[in-house]
Amino acid sequence: MTLCSSSSPRRQALWLSAALLALCAPAAGVAQTLDDPAVRAPSAGGQRATQANADYDQDLDASAAPADPWEGFNRQAFKFNRGLDRYVTGPIGRGYMKITPKAVRHRVASVVNNLGEPGTAINDLAQGRPRAAGVTTSRFLINSTVGGLGLFDVGAKVGLEGHEADFGQTLGRYGAKSGRYVVLPLLGPTTVRDGAGRLVDTMTDPVALATAGGAKSFGMIRGGVTALDARANSDGFLRALDEAADPYAMMRSAYLQNRADMVRQARGGVQVLPDFDAARIEP
Amino acid sequence: MSRRILPWLFLLPSAYAQPALAARDASAEAFARAGASRLLGVLGDKAAGPAQKDAAFHKAIDELADVPRVTHFVLGKYARTITPDQKRRFALAFRSYAERIYQGRLADYGGERVSVVGSVMRKPGDVIVATEISGGQLDRPVPVSWRVLQSPGGWRVVDVQFRGVWLAITQQQDFVATIDNAGGDVEVLINRLRSDAPVSVKRR
Numbered sequence: 001m002t003l004c005s006s007s008s009p010r011r012q013a014l015w016l017s018a019a020l021l022a023l024c025a026p027a028a029g030v031a032q033t034l035d036d037p038a039v040r041a042p043s044a045g046g047q048r049a050t051q052a053n054a055d056y057d058q059d060l061d062a063s064a065a066p067a068d069p070w071e072g073f074n075r076q077a078f079k080f081n082r083g084l085d086r087y088v089t090g091p092i093g094r095g096y097m098k099i100t101p102k103a104v105r106h107r108v109a110s111v112v113n114n115l116g117e118p119g120t121a122i123n124d125l126a127q128g129r130p131r132a133a134g135v136t137t138s139r140f141l142i143n144s145t146v147g148g149l150g151l152f153d154v155g156a157k158v159g160l161e162g163h164e165a166d167f168g169q170t171l172g173r174y175g176a177k178s179g180r181y182v183v184l185p186l187l188g189p190t191t192v193r194d195g196a197g198r199l200v201d202t203m204t205d206p207v208a209l210a211t212a213g214g215a216k217s218f219g220m221i222r223g224g225v226t227a228l229d230a231r232a233n234s235d236g237f238l239r240a241l242d243e244a245a246d247p248y249a250m251m252r253s254a255y256l257q258n259r260a261d262m263v264r265q266a267r268g269g270v271q272v273l274p275d276f277d278a279a280r281i282e283p
Numbered sequence: 001m002s003r004r005i006l007p008w009l010f011l012l013p014s015a016y017a018q019p020a021l022a023a024r025d026a027s028a029e030a031f032a033r034a035g036a037s038r039l040l041g042v043l044g045d046k047a048a049g050p051a052q053k054d055a056a057f058h059k060a061i062d063e064l065a066d067v068p069r070v071t072h073f074v075l076g077k078y079a080r081t082i083t084p085d086q087k088r089r090f091a092l093a094f095r096s097y098a099e100r101i102y103q104g105r106l107a108d109y110g111g112e113r114v115s116v117v118g119s120v121m122r123k124p125g126d127v128i129v130a131t132e133i134s135g136g137q138l139d140r141p142v143p144v145s146w147r148v149l150q151s152p153g154g155w156r157v158v159d160v161q162f163r164g165v166w167l168a169i170t171q172q173q174d175f176v177a178t179i180d181n182a183g184g185d186v187e188v189l190i191n192r193l194r195s196d197a198p199v200s201v202k203r204r
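Going down the list, the protein sequences come from chains Y and E.
So the first sequence is numbered by my numbering: it starts at 1 and just counts up by one.
So the second sequence is numbered by my numbering: it starts at 1 and just counts up by one.
Derived lysine-lysine pairs resembling DSS-like cross-links, with alpha carbons at most 30 angstroms apart: (1) Lys123/E <-> Lys177/Y; (2) Lys98/Y <-> Lys46/E; (3) Lys123/E <-> Lys59/E; (4) Lys87/E <-> Lys59/E; (5) Lys79/Y <-> Lys77/E.
Just a few of them, taken from the derived set where beta-carbon distance is under 7 angstroms, the chain E residues facing chain Y: (6) Arg69; (7) Phe73; (8) Gly164; (9) Gln173; (10) Phe175; (11) Ala177.
Derived coverage of chain E by chain Y (criterion: at least 3 residues anywhere in the stretch with Cβ under 8 angstroms from a Cβ of chain Y; other residues may be distant): (12) 136-144; (13) 187-194.
Keep in mind the hints are simulated off the structure, nothing from the lab.
Just so you know, even glycine gets a beta-carbon here, dropped at the ideal spot from N, CA and C.
Excised from the complex, chain Y in its bound form (with noise of 0.2 angstroms):
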């Protein structure tokens, strides 16, 4: 089974997209604060003095060191990933770009999106926020219906906010630990829980199974537009990438703090942040 052909053309989408294009940058990642008010309130950040507590989690630190062991592979496999983005994906995306309005690109989005709502409920209510899961299956019966299908954020329009969610970060509120940092080709960053968590994420999305058999040029239409939806949206960030001293670090040090910050909001925790006077990081 190729990715193409897999059951979740959305999940496969952030695969593809992430990957393809050197991607899962945050800028794409998109991790969108929750609408939960407390949650949406920034984080009041721990000291870094507060590490010696027996509270602390790295995986809440914003600047932890990274842990990443295969840092040898991981670069090449970036390097591999962004050649493919210059000569293959980064131009078909920016003539995506070029051609199409931007409004017509923000309906694209908002169908790319509805399409994953089904999926975020679940991860919702795995969570363990019933109301949060009533509130993203409420937009997606909004969405699909008053909202063309999908194109029109009705929902948001009164009130029902919309957020991501996915296994990775069902996985992180739980306590499971982020785990090594790895750049896969083709699929680009990620960590190994949330890995896993992609793979669960593909499998079991509701869309992608209630599609099933349909037909099969659904899905795969679904894929394409969603890596191009993910491209355009992640133009910015890989734009910035050419302007950083090490791209490989920005990437790495950029994936992992939109990830912690995503299980931050499903956890409830503190962001714990660096002193700023003491410019003091790991050796």
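Based on these hints, arrange chain E on the given structure of chain Y.
Chain E only, in chain Y's frame:
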């Protein structure tokens, strides 16, 4: 919802554990509100020429950001070992680099509005202000948090968070990795940040 399912939901944790919310800080919020609006105003000023805009951006950064603190921070562990001469040259290169890239990125956001949605005081003089940027070309509000610290000149921004990613922390890890991979040679980073560094050097 089925009556059979409902009871099971109560076995689940009712919600996320709520973060301990500290007090809001009105003065930090006011600073962030005014500062963000001013910055977006500079970037969105279509009447100003490129040189005028550069000068206004430079002045705004001086007044809104704690540049020396950020410059020290992004060097990470190397801030302790760098020589005074290297520090001076790094500061010049970093300032020029940061203005060049962030002005370019932020220019895409001209015309948007900034609204403060809350703040959390981590400790006196250290506050995270949550804002939302909306309108303009955005189809939905974008949450952006600002970490502001009290300095002798008043509140100053030291870091900005967007989609969970703190820019100064990212910059620090980018720079420290660069120096690490150069065997601890800070000159490699300074050369890479200079505006006249060839693109091929920057692209790896």
